[in-house]
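In the working numbering, the protein residues as written are 1351 to 1780.
The set of hints was computed from the structure by calculation and includes no laboratory data.
Among the hints, erroneous ones may be present.
[Claimed, not checked] When the alpha-carbon atoms are kept at most 20 Å apart in a straight line, the in silico EDC-like pairs for lysine to aspartate or glutamate are as follows:
id	residue 1	residue 2
1	1774	1755
2	1525	1500
3	1567	1474
4	1356	1474
5	1736	1696
6	1607	1657
7	1523	1539
8	1525	1539
9	1591	1549
10	1525	1490
11	1642	1608
12	1736	1713
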Amino acid sequence: IRRYDKFTKTFLSPLTTLDGLPDNRVQRLAFDQNTGDLWFETPSGGGRWISRLGIMSLVGQTPAILRKPKLQEHLPSVVMPFGYYLEPNRIRGPRQDYPVTETLIDAWGDFWLGTWGLGVGRADMRDEQLSFLRYGPLEENVTAIARDGDAIWFGGEDTYRAPARGITRYHTKSKTWEYFEAAQIIGLDNPQITTILPDSANVWFGTHRGLTRYNRKENRWFTYRDSRQWGRVTALARGHKRLWIGTQSGMAVLDLKDNALRLVKGSENFRITTLVTGPRNIWAGTRFGLYKCPREDIIWHPAQDPDNHTRRPIVALSVSQDKLWAATDAPPGLIRLNAPDSTWSEFPLAEVGGSRYVAVTADTSRVWVATDLGAFRLNLNNQLWKSFTPTDGLIHDRVQALLLEDEYVWFGTAQGVSRFHWAKDFFEKE
């Protein structure tokens, strides 16, 4: 249940299963004017939020107050944002229509508008100006997250309910959300995002149909037409003067000075699963093992180790300081390259095996792993694993992307984003 403070004009922390909600998917809401309680209905049961006590109270049957939402027959006259037009049951947009799900005029005379696709609309009837209070990533199925200074980028893919629409940028200081919809942007050809890589001049996006670039200075989007023949871009890494691009059809490279794009000869049989930039090398994970290339070079070599850890199928990579972390599919778990002696350590984790999406991120004392069965954290001090599932507050157990942001870790899942304040339990005994 999303909460908006009308006086500070900011979103408060939402009410979720951690607060006692039986299910994070909420179907209906109703506010009791007499008691101040908020009634709700979910697929797993209903109840009420007792606001004066700050607790949940669950009920077995749906109360009569949770009637089916009814749209206003005569909507008030409001001034819509440019390009949008309000009708009784829909909003006409520049390139598509958005269903209106509910309308309400509150006790202060404000007009509220529920939509499918534009968030919540609000109009102060004194000036009749309507604006959309959008919150959270544009895509529910989040498959890519990247830090970009004081901003965080989110990308996603289609779901069974709706196709992907675009890309989201969250500004951490102002706590505001910005949306880039493919239907309204020339150059953003495909909104299904697999990976994101910001640099000083551009933000690079791997999509289901090639490589897309966002130029910060010019505020322009561009999709490389030659990249469409590769199919899905799976990974990106920045070298000295070039961008390395992992695809389903092998490795490609973009010369940043000449803006010249080409496939790497001989890589056609290597489906690239993951790429990461280290202090000295670019690392590539494939089903045939781990490969590396010096940052200033263009020649790739298989990584060597006496126990053949690096010949395993590699599904995710991460670099933390001078250590390389790799998730392997068979046997499932993590391996770590210990610099400067170039030895390997192994940390088994069965949940990595068979997961469609695997992601790894690490700092000096913790390693986080995303799998289809939840997120897992390895404490490097005692080498013990801890799992995070919907029971712990995760919005969905299929975790597909990870990002460490100062005292928080972001989880991109199949049904949205969860953020965990890891610093609060940093000193817990495990």
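Quick rundown of the hints versus the structure:
| no. | hint | in the structure |
| --- | --- | --- |
| 1 | 1774 / 1755 | holds (14 Å) |
| 2 | 1525 / 1500 | holds (10 Å) |
| 3 | 1567 / 1474 | violated (36 Å) |
| 4 | 1356 / 1474 | holds (11 Å) |
| 5 | 1736 / 1696 | holds (17 Å) |
| 6 | 1607 / 1657 | violated (40 Å) |
| 7 | 1523 / 1539 | violated (30 Å) |
| 8 | 1525 / 1539 | violated (28 Å) |
| 9 | 1591 / 1549 | holds (12 Å) |
| 10 | 1525 / 1490 | holds (19 Å) |
| 11 | 1642 / 1608 | violated (24 Å) |
| 12 | 1736 / 1713 | holds (16 Å) |
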